[in-house]
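K.L.:
Chain by chain, the residues:
There are 2 protein chains.
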Amino acid sequence: MKAKKYVVLNPFVGEPKKSDFTIGIEESLPALQENEFLAEAVYLSVDPYQRWQRDLSYPYDMIGGQIARVIESRNDAYPVGTWVMGHFGWRTYTVTKPDDERFSAKLPYLYRLPDFGDLPVSLGLGVCGRVGNTAYFGLTEFCKPEPGETVVVSGAAGAVGSHVGQIAKLFGCRVIGFAGTDEKCEWLTKELGFDFAANYKTVDLGKYLDQNAPKGVDCYFDNVGGEVSSIVMSKMNEFGRVAVCGSISTYNETNPDKMKATVLQPLIVGKQLSIHGFLVNRFADRTIEGVLQNLKWIREGKIKYRETIVHGFENAIDAFIGLFRGNNTGKSLVKIN
Amino acid sequence: MKAKKYVVLNPFVGEPKKSDFTIGIEESLPALQENEFLAEAVYLSVDPYQRWQRDLSYPYDMIGGQIARVIESRNDAYPVGTWVMGHFGWRTYTVTKPDDERFSAKLPYLYRLPDFGDLPVSLGLGVCGRVGNTAYFGLTEFCKPEPGETVVVSGAAGAVGSHVGQIAKLFGCRVIGFAGTDEKCEWLTKELGFDFAANYKTVDLGKYLDQNAPKGVDCYFDNVGGEVSSIVMSKMNEFGRVAVCGSISTYNETNPDKMKATVLQPLIVGKQLSIHGFLVNRFADRTIEGVLQNLKWIREGKIKYRETIVHGFENAIDAFIGLFRGNNTGKSLVKIN
Numbered sequence: 017m018k019a020k021k022y023v024v025l026n027p028f029v030g031e032p033k034k035s036d037f038t039i040g041i042e043e044s045l046p047a048l049q050e051n052e053f054l055a056e057a058v059y060l061s062v063d064p065y066q067r068w069q070r071d072l073s074y075p076y077d078m079i080g081g082q083i084a085r086v087i088e089s090r091n092d093a094y095p096v097g098t099w100v101m102g103h104f105g106w107r108t109y110t111v112t113k114p115d116d117e118r119f120s121a122k123l124p125y126l127y128r129l130p131d132f133g134d135l136p137v138s139l140g141l142g143v144c145g146r147v148g149n150t151a152y153f154g155l156t157e158f159c160k161p162e163p164g165e166t167v168v169v170s171g172a173a174g175a176v177g178s179h180v181g182q183i184a185k186l187f188g189c190r191v192i193g194f195a196g197t198d199e200k201c202e203w204l205t206k207e208l209g210f211d212f213a214a215n216y217k218t219v220d221l222g223k224y225l226d227q228n229a230p231k232g233v234d235c236y237f238d239n240v241g242g243e244v245s246s247i248v249m250s251k252m253n254e255f256g257r258v259a260v261c262g263s264i265s266t267y268n269e270t271n272p273d274k275m276k277a278t279v280l281q282p283l284i285v286g287k288q289l290s291i292h293g294f295l296v297n298r299f300a301d302r303t304i305e306g307v308l309q310n311l312k313w314i315r316e317g318k319i320k321y322r323e324t325i326v327h328g329f330e331n332a333i334d335a336f337i338g339l340f341r342g343n344n345t346g347k348s349l350v351k352i353n
Numbered sequence: 017m018k019a020k021k022y023v024v025l026n027p028f029v030g031e032p033k034k035s036d037f038t039i040g041i042e043e044s045l046p047a048l049q050e051n052e053f054l055a056e057a058v059y060l061s062v063d064p065y066q067r068w069q070r071d072l073s074y075p076y077d078m079i080g081g082q083i084a085r086v087i088e089s090r091n092d093a094y095p096v097g098t099w100v101m102g103h104f105g106w107r108t109y110t111v112t113k114p115d116d117e118r119f120s121a122k123l124p125y126l127y128r129l130p131d132f133g134d135l136p137v138s139l140g141l142g143v144c145g146r147v148g149n150t151a152y153f154g155l156t157e158f159c160k161p162e163p164g165e166t167v168v169v170s171g172a173a174g175a176v177g178s179h180v181g182q183i184a185k186l187f188g189c190r191v192i193g194f195a196g197t198d199e200k201c202e203w204l205t206k207e208l209g210f211d212f213a214a215n216y217k218t219v220d221l222g223k224y225l226d227q228n229a230p231k232g233v234d235c236y237f238d239n240v241g242g243e244v245s246s247i248v249m250s251k252m253n254e255f256g257r258v259a260v261c262g263s264i265s266t267y268n269e270t271n272p273d274k275m276k277a278t279v280l281q282p283l284i285v286g287k288q289l290s291i292h293g294f295l296v297n298r299f300a301d302r303t304i305e306g307v308l309q310n311l312k313w314i315r316e317g318k319i320k321y322r323e324t325i326v327h328g329f330e331n332a333i334d335a336f337i338g339l340f341r342g343n344n345t346g347k348s349l350v351k352i353n
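Each protein sequence line maps, in turn, to chains R and G.
All you need for the numbering used here is the position in the first sequence, starting with 1, plus 16.
All you need for the numbering used here is the position in the second sequence, starting with 1, plus 16.
Just so you know, these hints were derived from the structure itself, not from any lab.
One should not assume that every hint holds.
Each pair may be met inside one copy or between any two copies, as identical chains are not told apart.
Pairs of lysine-lysine, DSS-like flavour, derived with a Cα cap of 25 Å [unchecked claim]: (1) 20 to 113; (2) 312 to 20; (3) 312 to 276; (4) 223 to 351; (5) 231 to 122; (6) 276 to 223; (7) 287 to 160; (8) 20 to 276; (9) 18 to 223; (10) 320 to 20; (11) 122 to 251.
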């Protein structure tokens, strides 16, 4: 049995390039030992965080979650046919077992998917997986929105951002999203129920917030970093809460001068802001709680989602590059045919 | 009976100037009503936060704390001879009473000084007052330092910074201070017990931290903001805690380009940092707790302090300007002769 996998050859500089990878290296898989199972990847996850794996040495196997199906098993807890979320990286087949040390740095690295019924299993990487949990725990644990408060979301048409705004609406908040195209903004307001959405590339964000958040901003869920965030934070109220989930505006930047933005500290002090950066693996032991909560909202029709699916194992890098160009709406995935 | 006072005429632009004030306006004081007392200012407080009173309309009476002595009284709780800390502003005499609405925005706006014994009452504005409480509550509530952790303090030779570093030493931490002259650094290490101190104007801070904080920075108490802080935060450990107390590097800046610093969000996410901006009035109801704790440490010789005292009511602006030029070491005060 052979698996194909992506290997990252060197640190990404600027936008990721095909030449940063070796694509489709073949690897022979060992026979199953006791407790092990063989999983066949069906969907690969494409996420911004895959851009900055600073602590690994090169070359390394590309990281990432996948939805896979158990096709051979010597583990009674993972019989053939079981759907799993596994942090196996960008590879087609994986021989693994619970407590596999190879994946232990990326909690939660393996769990059985709850029964999604007639919903697609791909949700296990998106709204009912890491993405949904990032939105749910980040918003509830760090922004702690109260009914009537104003919540701003940047990167609002991304997988996490679009989910965050909808949860904030369920909490009774006034929700404002910033995204990078007019079409995305229309989707946010017309389909997802955001109160307001603006194209950060064409709108004066400060004036926009003065108009549409006249009582100030109480919570800010930040996916982008940089000047957009400095402007949003300048419009926050005293004791405002910021969850910093990403900084996609800067990940590919190589010019140090462009890595500068208006200093935040005067705002942080004057408004007594609380800012929490987080990675969702911090909430690994609450994974299923988050998945089930999001699954419930989706079944009730309270949260909508989109997926941007690229077909074919060999096209994963295109999906990855597209993420930083803003090509995706909602969760970016690769379907292995 | 007449009082003299400072009036602020217009918003400060850049460095505060004498022409921003009217100095020594005379005001007639009313006769005491029941419950009121007359307090004579002995020390005025000079603090960075007095620079940015954005919410007031102009002209306004200069704000600030003072140590005053009750010299006439119709309030049994404040008999003649009582020493008080009052947030009366820069003025020589004040007729007031508990719950005086004029000062209610600036908690804690009035309390009787605890018995300082043979220590000077001026400490009631410094290490045993607002300054000491800023250091104590900011460090313990937001940085939460543990024994063995590394704590960095910027603006370390200022009133708050020098106090913070000493408390962190009492907590068993490795303490590194940044200040603006070699003399200040020497004071921090030789007299106050900081483990390391460096002149941020002449040292490569990143390299300095690599050398002297080889295990990374766990806590950062930020008094300055700007690029110094971006560098410190780039050296922090996962789950590092930042207390943002001030941003003195930017208060007088009028050039928007110089108001930029390296974007913090990638660090905030990747290291899962927690950042809290705060003003000490948030802990107003714990004022005496903080004062007594600091008083105890000072009596035990565990915390040392300096005061930079300018003599004469008419020289307060010089003290204020000097604060932003880094002329003071420790607490800046005006003694009214």
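K.L.:
Hint numbers the structure violates, sorted upward?
P.N.:
Hints 2, 3, 4, 8, 9, 10 contradicted; others consistent.
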